[in-house]
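Novice: If you want the building blocks of each chain, they are given just below.
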Amino acid sequence: MTHLATLLWLAAYWVLFVPASLLLRPIFGRPMALRPDPGAETYWVPRTSGFSAMDKQS
Amino acid sequence: MKILGLSAFYHDSAAVLLDDGRIVAAAQEERFSRRKFDAAFPEQAIAYCLDAANCSLNDVDLIAFHEKPYRKFDRLLKTYGAYAPKGAFSFRQAMPQWLGSKLYQKRQIRDRLMAMGADASVGGKLLFAEHHQSHAASAFYPSPFDAALVLTMDGVGEWATTSVCVGHGSELTPELELPFPHSLGLLYTAVTQYLGFKVLSGEYKVMGLAPYGTPIYRDLVLDHLVDLKDDGSFRLDQRYFDYSTGFRMFSDAFCELFGQPPRAGDEARLEQFHMDVAASLQAATEEIVLRMCRDLTQRFGMRNLCLAGGVALNCVANGRLLRELDIDGLWVQPAAGDAGCALGAALAVWHQHLDQPRPDPAGQDAMQGSYLGPEFPQPEIDARLSQAGAAFDTLNEATMIEATAEALADGKAVGWLQGRMEYGPRALGARSILADARSPEMQKLLNLKVKNRESFRPFAPAALEDKAAEWFEIEGASPYMLLTVDVRPDKRHAPDPGAQSGTVLERVNRVRSDIPAVTHVDYSARLQTVSAKTNPRFHRLLQAFYQKTGCPVLVNTSFNVRGEPIVCTPEDAFRCFMGTEIDMLVAGTSVLHKAAQDPGLQTDYKLELEPD
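So the sequences go chain by chain: A and B. Note that the first sequence ends on residue 57 in numbering that gives the first Met the number 0; no numbers are left out. Note that the second sequence ends on residue 611 in numbering that gives the first Met the number 0; no numbers are left out.
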């Protein structure tokens with residue numbers, strides 16, 4: 000059962016998740032920077048809004 | 000209004016209860032469950048908090064959780080998206096957990112609270128703070144400052160790994176952040192794992208090991224692993240790390256960069272190379288933190304600085320901030336790790352969600368010495384000790400203090416359980432093992448025969464607040480043991496020619512000051528100053544020791560052995576006393592001598608604990 004679950008999860012990863020990620024990347028770019036950017040002056044990201052509402056989980 | 004703050008499901012779960020914004024009780028679950036860094040739902044800590052406030056779960060008005068689960072899941076998905084096709088096996092492990100339970104934390108928390116007796120309305124009382132909002136609130140609201148820059152640094156929350164807020168009165172405004180995967184906490188943890196120590200518990204050991212090394216790899220760290228900007232912001236080059244989608248913190252490229260394979264676990268021999276790597280990491284960390292704080296305090300025009308997050312437990316970096324930064328005040332939340340998020344989430348609800356004003360702190364912090372955990376009245380201590388089979392004498396306080404000071408002056412190791420337990424990782428004289436700091440043998444003896452831990456690890460001093468400046472280079476107080484300072488030159492001994500050579504053990508055993516048991520190899524000490532205001536009994540003991548010996552300093556280490564949470568109850572203390580070579584146990588005013596105990600009650604329970 001565990002082996003079957005592993006196979007199903009790995010299949011979901013390779014058949015669904017990876018192609019979707021690779022297809023979306025040319026449109027949206029990578030969702031996060033993985034390397035330094037020598038040209039950048041700063042890596043700080045400004046918080047343009049305050050903290051999100053506390054009655055939400057997102 | 001009563002607010003319950005919760006931190007759970009990652010590591011170091013905790014619960015806190017606020018009553019109209021005042022901290023009534025706070026404790027970590029590990030102290031009750033006896034599992035170090037316990038991540039479980041903090042049922043016992045909650046029960047304690049309710050008991051301390053003399054109320055039930057149905058009397059609690061709001062419940063604050065320390066992070067936002069959906070945001071965390073968003074980060075997880077985007078991380079796999081960024082690394083794809085790498086990360087299949089990690090994905091297989093993480094996704095079932097998230098889809099099976101972690102995504103439904105609100106329901107999980109509600110069900111657990113209902114199982115504890117809450118009625119069905121409890122789900123509507125649940126609120127969620129951002130993880131770094133929780134850290135920032137824990138750093139600012141209890142601080143002694145009306146206005147401050149608030150910097151929080153840890154491994155990662157939802158997305159943020161470092162965040163900058165400005166606090167004014169009851170306002171706490173987020174300004175800047177650094178997003179995952181660029182994290183100073185994760186950099187420190189990656190090197191910790193490379194050096195063969197455990198993730199989330201070995202970081203202290205790396206900090207303690209650093210003074211034995213030379214930071215010859217500092218530039219390697221700052222040139223390759225980290226791109227550090229002038230303003231202190233940074234990115235990590237992810238080619239050298241594997242924590243995002245792998246099962247190890249660092250990559251093969253990391254090992255190639257340092258030219259050696261990772262140290263094979265805690266039992267492998269520590270070479271000079273490992274000490275040099277630790278020194279280099281520590282030097283790079285200090286450079287990043289200093290550069291960041293210097294720029295941010297100037298940019299936002301703030302004269303006070305508050306810190307929280309796991310990186311804020313780096314007391315060496317904190318000491319440098321205090322010495323080298325042009326600011327008026329530095330305050331570090333004593334429960335700076337994730338346990339402190341329970342407090343921060345509750346305070347964020349009170350001041351931010353409910354918009355309640357913050358009283359003028361008037362230069363006093365609101366942590367009550369961090370003595371916020373359970374306490375045991377003397378009759379209960381005596382009943383519990385009797386039940387455990389202990390032989391003891393209950394004395395009056397003056398006689399107990401005199402007997403304890405005498406034993407300490409005589410070189411005895413004393414277990415000391417007094418008053419309310421500390422909230423946070425440091426033992427501050429409520430659940431401590433105490434010893435004579437003047438003894439040249441004490442560090443080795445405590446490490447090997449009492450604490451069962453590595454010989455290189457230093458011990459911290461507790462000193463009378465009004466005498467501390469005569470022994471250490473410090474102005475002001477350090478009540479939470481979160482700063483390192485240097486032993487004063489007139490208390491140091493001249494270094495011998497081989498001071499920086501020899502094995503670790505040889506170097507540990509060199510006498511470098513009048514208080515060698517608490518003087519690290521670089522003459523630094525992680526100082527706690529003790530005032531009569533926050534811990535009068537511990538202060539009286541230090542006074543008595545000072546009158547007897549002329550030395551106002553004692554070794555103060557946590558009352559536990561390696562791998563064990565700090566003791567909570569008199570029974571925990573008695574078990575630790577009987578399982579180690581602690582000579583004397585003082586619980587309240589009851590005094591226990593080892594020689595008077597039934598040898599049949601001795602248990603070598605250290606072997607049952609997983610070393611940290």
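Hints may be right or wrong, so weigh each one.
Derived DSS-like pairs (lysine-lysine); straight-line CA-CA distance at most 27 Å [unchecked claim]: (1) B:K105 to B:K85; (2) B:K124 to A:K55; (3) B:K1 to A:K55; (4) A:K55 to B:K105.
Part of the chain A face toward chain B, derived, beta carbon under 10 Å [stated by the list, open to error]: (5) L23; (6) R29; (7) W43; (8) K55.
Which residues of chain A face chain B? A partial, calculated answer using Cβ under 10 Å [what the hints assert, rightly or not]: (9) L3; (10) M31; (11) S48; (12) F50.
In case anyone wonders, no lab produced these hints; they're calculated from the structure. On a predicted model such as this, the values are computed, not experimentally measured, just so you know. A virtual CB, placed ideally from N, CA and C, is assigned to each residue, including glycine.
Novice: Each hint: holds or not?
Specialist: Hint-by-hint comparison with the structure:
1. At most 27 Å may separate the alpha-carbon atoms for a hinted pair to count; B:K105 and B:K85 exceed this at roughly 31 Å.
2. The suggested pairing of B:K124 with A:K55 holds, with an alpha-carbon distance near 12 Å, which does not exceed 27 Å.
3. Distance hint between B:K1 and A:K55 is fulfilled; the C-alpha atoms sit about 20 Å from each other, no more than 27 Å.
4. Proximity of A:K55 to B:K105 is assessed by CA-CA distance (about 10 Å); at most 27 Å being required, the pair is judged to hold.
5. Interface restraint check: A:L23 against chain B, minimum CB-CB distance 7 Å, threshold 10 Å, status holds.
6. Taking 10 Å as the C-beta contact cut-off toward chain B, the hint placing A:R29 at the interface holds, the least distance being around 5 Å.
7. For A:W43, the interface hint holds, the least distance from its beta-carbon to any beta-carbon of chain B being 4 Å, beneath 10 Å.
8. For A:K55, the suggested interface contact is upheld, since its CB lies about 7 Å from the closest CB of chain B, less than 10 Å.
9. Given hint, A:L3 at the interface with chain B, is violated; its Cβ is 12 Å from that chain's nearest Cβ, farther than 10 Å.
10. Interface hint at A:M31: satisfied, since its Cβ lies 5 Å from the closest Cβ of chain B, which is below the 10 Å cut-off.
11. Restraint check, A:S48 versus chain B: the minimum CB separation of about 8 Å is within 10 Å; hint holds.
12. Evaluation of the A:F50 hint against chain B yields a held restraint, the C-beta minimum of about 5 Å falling below 10 Å.
Comparing the model with each numbered hint stated earlier shows that hints 1, 9 do not hold.
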